[in-house]
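A.B. asks: Okay, here's what each chain looks like letter by letter:
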Amino acid sequence: MRNAVLGFIAIIAVSLAVSARGQNAQQRQGQRTAPQGQAQGGAPSPQSEQGRLPARLSGEFTPLAKPDIANGPVPRMPDGHPDLSGPWVGGGSNSDIEKDGGLKPGELPLLPWAKQLRESRKEEDEPYLYCTPMSVPRVNPYPWRFVQSVTANGLGTIYVIHENGDAGGVRKIFMDGRKHPPADELLPTWWGHSIGRWEGDTLVIDTVGYNDKFWFDSRGTPHTTQLHTIERWTRTNFGTMINEFTLDDPGALEHPVQLKFTAHAQPPGSELMEFICTENNQYGVAADIPNIYREKGYGLEVQPPTQK
Amino acid sequence: MKTTVGILAAAFALFGLAAPSAAHHSFAVEYDKEKPVQGTGVISKVEWTNPHMRVYIDCTDEKGVVTTWNLELGSPNSVIRRGWKPSDLKQGAKISFKGFGGRKVLTRAAADVLTLADGRSFAGASGAPDGTPEQYGVGAGVPIP
Chain A
1 MRNAVLGFIA IIAVSLAVSA RGQNAQQRQG QRTAPQGQAQ GGAPSPQSEQ
51 GRLPARLSGE FTPLAKPDIA NGPVPRMPDG HPDLSGPWVG GGSNSDIEKD
101 GGLKPGELPL LPWAKQLRES RKEEDEPYLY CTPMSVPRVN PYPWRFVQSV
151 TANGLGTIYV IHENGDAGGV RKIFMDGRKH PPADELLPTW WGHSIGRWEG
201 DTLVIDTVGY NDKFWFDSRG TPHTTQLHTI ERWTRTNFGT MINEFTLDDP
251 GALEHPVQLK FTAHAQPPGS ELMEFICTEN NQYGVAADIP NIYREKGYGL
301 EVQPPTQK
Chain B
1 MKTTVGILAA AFALFGLAAP SAAHHSFAVE YDKEKPVQGT GVISKVEWTN
51 PHMRVYIDCT DEKGVVTTWN LELGSPNSVI RRGWKPSDLK QGAKISFKGF
101 GGRKVLTRAA ADVLTLADGR SFAGASGAPD GTPEQYGVGA GVPIP
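Sequences listed follow chains A and B, in order.
First residue of the first sequence? That's 1 in this note's numbering, and the numbers climb one at a time after it.
First residue of the second sequence? That's 1 in this note's numbering, and the numbers climb one at a time after it.
Bear in mind the hints are in silico, worked out from the structure with no lab data behind them.
All figures in this text were calculated on a predicted structure; none of them were measured in a lab.
Where hints are given, some of them may not hold.
[As the list claims (entries may be wrong)] With a cut-off of at most 20 Å between alpha-carbon atoms, the simulated EDC-like pairs for lysine to aspartate or glutamate come out as follows:
1) B:Lys-104 - A:Asp-288
2) A:Lys-122 - A:Glu-301
3) B:Lys-85 - A:Glu-274
4) B:Lys-35 - A:Glu-124
5) A:Lys-122 - B:Asp-32
6) B:Lys-33 - A:Glu-271
7) B:Lys-104 - A:Glu-123
8) A:Lys-213 - A:Asp-248
With these hints in hand, go ahead and build the complete structure from the sequences.
C.D. replies: Laid out in structure tokens, this is it:
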């Protein structure tokens with residue numbers, strides 16, 4: 001444990017040092033290649049802009065690696081595994097998991113009660129808006145990292161750090177070969193219990209033990225505590241990482257479903273910044289939106305039939 | 001000044017390679033695109049805070065009545081990544097704004113463009129086709145008819 005902690009601290013320290021060194025390079029690079037970058041247009045945005053107000057000053061902005069860097073080779077760790085540290089933007093669901101994950105409208109096999117719940121939910125009531133963790137496979141416009149720790153015993157825990165969206169809970173992916181605890185010993189949590197392994201160059205993450213308090217998207221797609229996810233992360237070049245995502249929830253879905261998301265790398269030298277979501281959250285005041293969770297907390301508004 | 005412009009230029013040039021997207025939440029939930037607002041006044045407070053930074057602007061009309069506008073921007077991180085510096089927004093400085101009013105509280109608005117007295121304009125230079133200056137007039141912080 002102590003080694004794991006030390007390893008983690010070492011990784012963070014190295015990241016900070018690399019970041020500090022890369023900052024100037026990034027600015028120089030931006031100036032030198034600006035016209036070219038402009039002409040090449042935008043990288044795919046993980047978030048849909050449809051139906052939203054113009055996202056300018058009031059929107060978010062996270063630079064991505066430009067194509068000549070993004071098309072470069074996959075960087076590797078000293079042990080030969082791909083370096084998945086990023087920072088990344090995207091790679092999950094945001095506005096609508098069905099659409100974001102590559103399905104056609106209506107293809108997500110939600111059970112009738114879950115479909116009904118999704119339709120009854122209002123975007124303005126997203127728990128995430130009150131600074132709760134976004135959980136899996138949600139992404140937002142901010143960057144995030146896999147932090148691959150190494151300890152005296154070899155590969156250590158992989159930590160997932162989001163600039164915004166962790167809400168104080170750092171996701172841990174145990175790489176030491178352990179199994180999930182028995183279901184009756186698992187306290188459902190926002191990030192669940194994740195175990196990982198390498199299959200060639202693909203990081204496979206199996207997670208159970210989620211709570212039912214987060215939404216997959218702003219559309220309000222629900223799940224239950226029976227949620228089981230399998231992520232298969234493959235970095236295909238410097239700038240691209242694919243998330244082949246298996247979504248399984250016998251409580252909310254008729255059958256497991258396969259989704260696909262793509263994360264994009266930030267320019268070399270980029271680093272996460274501090275983000276304390278609850279610092280000054282005035283969400284809802286401008287439109288007089290009530291906080292429906294203040295009295296009853298977060299969680300399913302409707303219990304699924306099987307759990308009645 | 002020169003440095004600022006350079007960094008801003010770099011930031012705007014990078015815009016095409018960025019992942020611009022809706023912020024912490026969908027603005028349509030809180031703000032009304034049918035309620036464009038604008039004004040000129042003095043910065044009374046700047047909050048470089050999460051999840052969104054806020055700029056408070058006191059606008060005085062011809063009768064001397066002061067209205068304080070609470071303008072919501074993106075996260076401080078996002079604003080800094082665009083090339084802004086904390087020193088670019090100073091309490092007491094003259095500033096013009098354009099934005100979209102809150103659905104219920106008009107003076108709580110989503111900022112779209114901020115223009116400083118020295119002419120530097122934030123956000124408008126991104127080249128985004130929306131919110132052209134023609135849509136706005138100049139005034140003391142009033143809804144645009």
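A.B. asks: Please go over all the hints and tell whether each is borne out by the structure.
C.D. replies: Outcome of the hint check:
Distance hint between Lys-104 (chain B) and Asp-288 (chain A) is fulfilled; the C-alpha atoms sit about 6 Å from each other, no more than 20 Å. For the hint pairing Lys-122 (chain A) with Glu-301 (chain A), the CA-to-CA distance comes to about 12 Å; that is within 20 Å, so the pair holds. Between Lys-85 (chain B) and Glu-274 (chain A) the alpha-carbon distance is near 16 Å, which keeps this suggested pair within the 20 Å criterion. This hinted pair checks out: Lys-35 (chain B) and Glu-124 (chain A) have alpha carbons roughly 19 Å apart, not beyond 20 Å.
Pair hint Lys-122 (chain A) plus Asp-32 (chain B) holds up; C-alpha atoms about 17 Å apart against a cutoff of 20 Å. A C-alpha spacing of about 33 Å is found between Lys-33 (chain B) and Glu-271 (chain A), which places the hinted pair above 20 Å, so the restraint is violated. Distance hint between Lys-104 (chain B) and Glu-123 (chain A) is fulfilled; the C-alpha atoms sit about 17 Å from each other, no more than 20 Å. Among the hinted pairs, Lys-213 (chain A) with Asp-248 (chain A) is consistent with the structure: their alpha-carbon atoms are about 17 Å apart, no more than 20 Å.
Violated hint: 6 only; the structure is consistent with all others.
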